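Use these hints to put chain C with the ligand onto chain P, whose structure you have.
Chains as they are written, first to last, in my numbering: chain P, 188 to 709; chain C, 361 to 700.
Bear in mind the hints are in silico, worked out from the structure with no lab data behind them. These figures come from a predicted structure and were not determined experimentally. Heads up, some of the hints might be wrong.
[As the list claims (entries may be wrong)] Just some of the chain C residues that point at chain P, by a computed CB distance under 10 Å:
id	residue
1	Ala-396
2	Leu-543
3	Ile-622
4	Val-687
[Claimed, not checked] Computed footprint of chain C on chain P; a stretch qualifies when at least three of its residues, placed anywhere within it, have a C-beta under 8 Å from a C-beta of chain C:
id	segment
5	215 to 221
6	255 to 263
7	419 to 431
8	646 to 652
Backbone N, C-alpha and C fix where the C-beta goes; we use that ideal spot for every residue, glycine too.
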Amino acid sequence: MDAPVPQSKIQQPRLGFVGYARFFWRQLTSMRTALFLLLLLAVAAIPGSLVPQVSSDPNGVVAYHRNYPDTAAVLDFFQVFTTYTSVWFSAIYLLLFISLIGCVLPRTKHHFDALRARPPKTPARLSRLEGFTTRTTEADAATAVDGARRLLRSQRYRTELYGDSVSAERGYLRETGNLVFHSALVGVLLAVGLGGGFGYTGQRVVVEGYAFSNSLASYDSFNPGRFFADTALEPFTIALDSFVPVYEQSNKDAIGQAIDYTANVTTTMRGEASQSARVKVNEPLSLGGTNVYLLGNGYAPVLTVRDADEAVIWSQPTACLPFDSNLGSTCVIKIPDGLEQQIGMLGFLYPTTNALSTGALVSVYPDLIAPTLTLEVYEGDLGLDNGQGTNAYALNTDSLEQIAGRTSEADTIRLTPGDRAELPNGLGSVELASIPRFVSLDVHHDPSQGPVLLFAILVIAGLVTSLFVPRRRMWVAASTDKTGTTTIEYAALARGDDPNLEAAVAEFADKHSQQLSVRVDS
Amino acid sequence: MTETFVSFSLIAVYSAMAIYTLAFVMFAVDVARRSAESSDASAAAATGLTSASTSRVGVMAAAAGSSAVGTATSTLTSDNAPRSGAEAARPASPKYLRLAMALTVIAWVLHVGAVVFRGVAANRVPWANMFEFTLTATALIVGVFLLVQFWQDLRFLGSFITGFSLIALGVGTSSFYVDVVPLPPALQSAWLVIHVFVASLSTGVFALAAGLSIVQLMQSRRESGKALKLRFLDTLPAADRLETLAYRLTVVGFVMWTFTLIAGAVWAERAWGRYWGWDTKEVWTFIIWTIYAGYIHARATRGWRGSRSAWLAIVGFAAIVFNFTIVNLFFKGLHAYSGL
Ligand code: HEM
Chain P
188 MDAPVPQSKI
198 QQPRLGFVGY
208 ARFFWRQLTS
218 MRTALFLLLL
228 LAVAAIPGSL
238 VPQVSSDPNG
248 VVAYHRNYPD
258 TAAVLDFFQV
268 FTTYTSVWFS
278 AIYLLLFISL
288 IGCVLPRTKH
298 HFDALRARPP
308 KTPARLSRLE
318 GFTTRTTEAD
328 AATAVDGARR
338 LLRSQRYRTE
348 LYGDSVSAER
358 GYLRETGNLV
368 FHSALVGVLL
378 AVGLGGGFGY
388 TGQRVVVEGY
398 AFSNSLASYD
408 SFNPGRFFAD
418 TALEPFTIAL
428 DSFVPVYEQS
438 NKDAIGQAID
448 YTANVTTTMR
458 GEASQSARVK
468 VNEPLSLGGT
478 NVYLLGNGYA
488 PVLTVRDADE
498 AVIWSQPTAC
508 LPFDSNLGST
518 CVIKIPDGLE
528 QQIGMLGFLY
538 PTTNALSTGA
548 LVSVYPDLIA
558 PTLTLEVYEG
568 DLGLDNGQGT
578 NAYALNTDSL
588 EQIAGRTSEA
598 DTIRLTPGDR
608 AELPNGLGSV
618 ELASIPRFVS
628 LDVHHDPSQG
638 PVLLFAILVI
648 AGLVTSLFVP
658 RRRMWVAAST
668 DKTGTTTIEY
678 AALARGDDPN
688 LEAAVAEFAD
698 KHSQQLSVRV
708 DS
Chain C
361 MTETFVSFSL
371 IAVYSAMAIY
381 TLAFVMFAVD
391 VARRSAESSD
401 ASAAAATGLT
411 SASTSRVGVM
421 AAAAGSSAVG
431 TATSTLTSDN
441 APRSGAEAAR
451 PASPKYLRLA
461 MALTVIAWVL
471 HVGAVVFRGV
481 AANRVPWANM
491 FEFTLTATAL
501 IVGVFLLVQF
511 WQDLRFLGSF
521 ITGFSLIALG
531 VGTSSFYVDV
541 VPLPPALQSA
551 WLVIHVFVAS
561 LSTGVFALAA
571 GLSIVQLMQS
581 RRESGKALKL
591 RFLDTLPAAD
601 RLETLAYRLT
611 VVGFVMWTFT
621 LIAGAVWAER
631 AWGRYWGWDT
641 KEVWTFIIWT
651 IYAGYIHARA
661 TRGWRGSRSA
671 WLAIVGFAAI
681 VFNFTIVNLF
691 FKGLHAYSGL
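So here's chain P without its partners, still in its complex pose (with noise of 0.2 Å):
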C-alpha cells in the first residue's frame, strides 16, 4: 500500500489547496506512515509505565507531587500523570487509526474488483516462476488442461482458461482476513470510546448484615463514563450475609496468606424474589448487565457509645483499613454530636495481638483469634461543618485535643469484643459490640465489554487467516508436438509469504499426470 513514489522533484506543478490535501493523505496513508506511527505509539506508551497514573495509581500521583514537586510540575504539563488521555498520545492513536481507515477502505474495494475480476493471462515463459516443473502425457493439450482446470478448481482455485492454458488463483481470504483484522482494529477502538461512555463504575463498602442498593446516593466513590445517564443504574440491592475468608495454616512459608474469599450475599433485583448468590475473587457476580466484584475486605468494629446519662448515641461498625498483610488495621471514629463535645477516636485493630518486647502490639494472624481493638481519643473540633469534604479514614488533630492516648493523661483505651470502658472527662462510655467483616465491591457497569471481545474474537480470525492461508496462481499450459507428446508446464506464485509453495505445485503435477495417465490408459 505504498503511496506511488512521487514523481520527480524537479519541475513540480504547483499544487493548489486541494493538491497539499491529497497529498498529506497520501503521506498519511502510506505504509511507511503508518509503520511510523505504530512505532512512534509503542515509545509514546513507555512514560505511562514509568509514572504513575491518575487512572491506576491515584495515590501514587500524589506521592510523586508531594516528593518531587518541581519534575511533577513539568509532567502534569505534558500531561504524562494521565498519558493515555493525553493530547499527545491521542494524537498519535488517532492519526494511526485515520491512516488504517484510509488504508482499509480503497483496499476493500479492490478487493472487492478481485473477487470479481478474471485470474490474469497465463504469463508465455512459465519456466521463470516459482516451483517450475513440467510432465509428459499421451492425452491431448486440451484433455490436459481441461483436467487441469477440473483439479484446480476441486482445490478451491478460481480458473480461466487461455488457449491452451489455464490460470488459477485462490486464497482471496488472506486478503479478506486482513482487511477483517484491520477493521476489527477500528471496532476495538470504537467499542471502547464509545461504548465504555455510558458505563460507570462506583465502589461501596458493605458490612456484613447490612445491604446496600445500586442508586447514585450509596456509592462511596463513583466514575460515571461521559454519556452516562440515571437509567443505566438497574435496580437492585445486594446484602452481604456473610464473608468467609480461608488462610493457609499448615505451610509454614505462607501461614496466614489468603487462599480463598466468598462473600455470601442476598440480590433483590426490583420487582422480584431475593436470590442467594456469591461473589469471589475472579468471580464476579453478574446481575441484568452489572457486574459486581469482590476486591478488598477488612474489619468493621462496632462501637457502642453512650452519653454521661448511659443513653446510646452511637452505634454502628466503622470500616478500619488494613496496614499489613495480617490486617492489623486503623480506624477513625468520628461523632459529632450528642456528646458535650465532638469526640474523634484513632482506634488500631489487631486480629490476634501479640505483644512485641517493647511493648508495641502486631497482629500476628489475619483471622480474629485474639482480637484487640485501641482506642486513642480526641476532642475538639472535628472539622466537620467548615463545609469542606474531608476523609473519613483520616482524622485531623489540628483543633482536637487528646484526652486519652500516648500524649494525654489517661491511657489509651484497650478493648476487646464486649469491653466497656469509660471516656476520660465524664462523658460516657464505649464499648466494642462486636467485630464483624467488611468488604469493598466494585460495581460496573460496561456495554463495551460485549462488542469489544467480539472485535478482539475478529482480530484473532483475521490475523490467523491473514498470516496463514496462502494467496497464490497457479498456471498449467499444455502443447503437443509432432509426435503427439504433449508436455504440460506448470508453475505458480505466491503472494505474501507462502512456505509450501514449491511443494504445492510439484504434488498438483503429480496429480494432475496421474489422473491424465489413468485416463488414457483406459
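The following block gives chain C with the ligand in isolation, referenced to the frame of chain P:
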C-alpha cells in the same frame, strides 16, 4: 512431601544447568570448527550462493510483472532451493554438533522434570512467581528450539539458546528463588494456566526469531562486503533466507502474543473488574505487541526489509526480557506476583 518434590526439582534444574553448560561449550566448539572448515569450503559456498540468488532474481522479475495488484510483499524464496552452498559442502553432520544436540536433549529432559516436580510440589501450574516462570519459560524456549529442528535445521542457534537459557536459569535460581506458597485468590483462575503459558510459549518462539535476526544482521554485513572476521558465517544460510525463517517464526509468535494480550484482558476483567487499565504490565505487553506489528509492517514497507526489520525483531525480544525482569522487579503495578 512438598519439600521432597521441591528438592527433586532443584536437583533436576541444577543438573540440567550443568549439562546445558556442556552443550553450550560443544555448540561453541562447533562454531569454531565451522570457521576452520569454511576456508576449505568457501569456494563451494560461493558458487552455491550465486546459483541460489540468480534463481531468486529471475522470480522477482517475473513477480514484478504480474503482481501489480495486491499487497506489497511477495516473499519469493523457496524452501527447496539450496539453503547455502556450504551445507552441501559439509555432508557429514559434524560430531560436535551432534554431541551438543544430544546434551541439550538430556538437559532439557531434566529441565522438564524440574518443572513437573515443582508443579507437583506446589499442586498447581508451576508458573505463578518469577522463579517458576523463569524455570518454565526457559524449558519452553529450549523445547521450541528442539521442536523446530523437525521443521528446519536451526542447530546453529544452539549456543544462543543454551547460553540465554543458562543465564536466565542462573538468575532465576539464585535471585528469584522463593519457596512454594499457595496461590493468592487473584491468581486462582484458569486464565493463569492459559494466559501465562501462551505468553511463555511465544517467548520461546520470539527468542529463536531474535537469534535468527542477529545472525541475519551479521550475515548481511558480511554479504555486503563489510569486513566481518567471522568465517563460520560462510557455513550458515544467506541473510534473506534467515530473514524469511525469522519472519515465519515471528508471525507465529505474534499470533500467540495477540492471544496473550486478549486473554490477559479477559482475565483482568474477571479479577479486577476492568479489561484494560494501563497497568504497567499491560502497557508493556501492548508495547511489545506494537513493536512486532511494526516488524510485520516493516517487512512490507519499501526500504525497511532486511536489516531494519531485523533490528525491530531484536528490539521486540529485548522488550520481552525487559518486561519480565525490570518491569516485574522495579515497576509498581497490579501484577505484583514476583513474590520477591
Ligand atoms: C492500528 C494500527 C495497525 C496495526 C496494529 C496493524 C497491524 C498489522 C498486522 C499485525 C499485520 C499482519 C497481519 C495481516 O497481514 O493481517 C498487518 C498487515 C498489514 N497492514 Fe497493518 N496495522 C495497522 C495499521 C495499518 C495501516 C495504517 C496500514 C496502511 C498504511 C496498514 C497496512 C497493512 C498492510 C498492507 C499489511 C499487509 C502486510 C503484508 O502483506 O505482510 N496497517 N498490520
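Here's how the hints hold up against the structure:
Nearest Cβ of chain P to the Cβ of Ala-396(C): about 33 Å, over the 10 Å cut. The hint is violated. Annotation: interface hint on Leu-543(C) holds; nearest CB of chain P at approximately 7 Å, less than 10 Å. The criterion of a C-beta within 10 Å of any C-beta in chain P is met by Ile-622(C), whose closest approach is roughly 5 Å, and the hint holds. With a least beta-carbon distance of about 7 Å to chain P, the hint placing Val-687(C) at the interface is held under the 10 Å criterion.
Interface restraint, the segment 215 to 221 of chain P with chain C: holds (3 residues with C-beta to C-beta distance below 8 Å; minimum three). With 0 residues having a beta carbon nearer than 8 Å to a beta carbon of chain C, the segment 255 to 263 of chain P misses the requirement of three or more and the stated coverage is violated. With 0 residues bearing a CB less than 8 Å from a CB of chain C, the segment 419 to 431 of chain P misses the requirement of three and the coverage assertion fails. Under the rule that three or more residues need a Cβ within less than 8 Å of chain C, the assignment of the segment 646 to 652 of chain P holds, with 4 such residues.
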